[in-house]
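For the protein sequence lines, the chains are A and B, in the order given.
Here my numbering is used: position 39 in the first sequence is 39, and no number is missing along the way.
Here my numbering is used: position 141 in the second sequence is 141, and no number is missing along the way.
Derived by calculation from the structure, the hints in this document are not laboratory data.
Sample of chain B residues lacking proximity to chain A, with all beta carbon distances greater than 12 Å (derived):
hint, residue
1, Glu22
2, Asn151
3, Thr175
4, Val179
Pulled a few chain B residues facing chain A out of the computed Cβ check, cut under 7 Å:
hint, residue
5, Met63
6, Ser65
7, Leu85
8, Pro121
9, Met131
10, Ile135
11, Ala138
12, Thr139
Glycine is no exception: its CB is placed at the ideal position from the N, C-alpha and C atoms.
Number of protein chains: 2
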Amino acid sequence: MSEAQIASLDQIDLFASLTPEERATIVRQCRWRRYKEDEQIIDHLSDTRDACLVVEGRVRVVMFSMSGREISFDDVSAGGYMGELSALDGGRRSATVIALTDTLIAFVPPRLFQEIVTTHPRVALIVMQRMAAVIRNATGRIMDLSTLGANNRVHAEIVRLAKPGLRPDNTAEITPIPVHGDIASRVSTTRETVARVLSDLARSGLVERRGHTLVVKDYTRLVDMVEEVRGE
Amino acid sequence: MSEAQIASLDQIDLFASLTPEERATIVRQCRWRRYKEDEQIIDHLSDTRDACLVVEGRVRVVMFSMSGREISFDDVSAGGYMGELSALDGGRRSATVIALTDTLIAFVPPRLFQEIVTTHPRVALIVMQRMAAVIRNATGRIMDLSTLGANNRVHAEIVRLAKPGLRPDNTAEITPIPVHGDIASRVSTTRETVARVLSDLARSGLVERRGHTLVVKDYTRLVDMVEEVRGE
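Excised from the complex, chain A in its bound form (with noise of 0.2 Å):
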């Protein structure tokens, strides 16, 4: 164990209420892998159980298709977590993890992890603050699925990239523009889709490119493409 693995757990924001003795404790009991970008870290169908610390890095969490396409459930970037459920119930994995960046991940075993959270209630607290979102996200998603049609779940996820970039006079700017993949495997849709109803956005006046930002010009008009028809 490295001084420097001691340190790197302070990252960890699930980890802050915890004394640097008792991250230190954690860290000796973990193992420590290093990954490079594209790398697989979690295979869905594998029978390991431990929660995961993205130490440094950034991962994404999928499933894959039949016919390949992927389907992405969550970004998670260095001081973050993964791979809680599996650690918690004992359960399979649920979706497959991959490095998006060269990555270092600090495996927790299942009986440590619940070790932690059933003798920190505040780390537990966290953990189910952090599931509370998690489900809150998936309810949304369900709903989008089950009500718009392709063209507004791209529409909702472009308001939703939007948001933190809204500026006083109704625009927003998406920096770097965003991946027409990136979008197809959160929305459930084809880049195709993706493309095409960028290119009639963009037709329309309602988006413009400029050099790496996308520039969304009237964000109430597109929430309220998206609201019309979620019924909000």
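Given chain A, work out where chain B should sit, using these hints.
Frame of chain A; chain B shown alone:
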């Protein structure tokens, strides 16, 4: 607070690890209310944040699309609970809850619910494991909505309903015959589609109505029809 109320919390699985005294303390801080069949218990627009213990009866967690179509998420029977997301994260309600039968609910204020899960690790672990089950279920549903057509989603739901009644001769009985509207709201389609798929299955000899029972006559074949498309 009546003896009956204290006793009734004994039936709540979540609190099985607590002492009778601890349960009595909780009972004292709950708000109790009875609901008639079809009455709304939680409005998804409500600003309440209580966790809800189902002491008697049975409830359904649903959302409605703009056109009024019901998308159902979960049924919770006596002994179970719901509404924990808002109690844990203080966020707004993610769904509407309706009484399926006459129902008695004990409302646990959010501060009390958080206190319970942070002082009783066994309770926290059960909450986390149940949330894990909800996430697994939602992930499967998102995959089915993303990759299966409505017909196959109806097939998948019949497989799910038939599984507990599977017999060694590869037949399975579902009693009572499921209501078309219930299947429709679980797999996000219309009653008409469910009726059509069931009559197609009956015509091809895969299912048969016998009184109040739906008999699946070739369970393996039905499973294959789903898995061929899912790619499992």
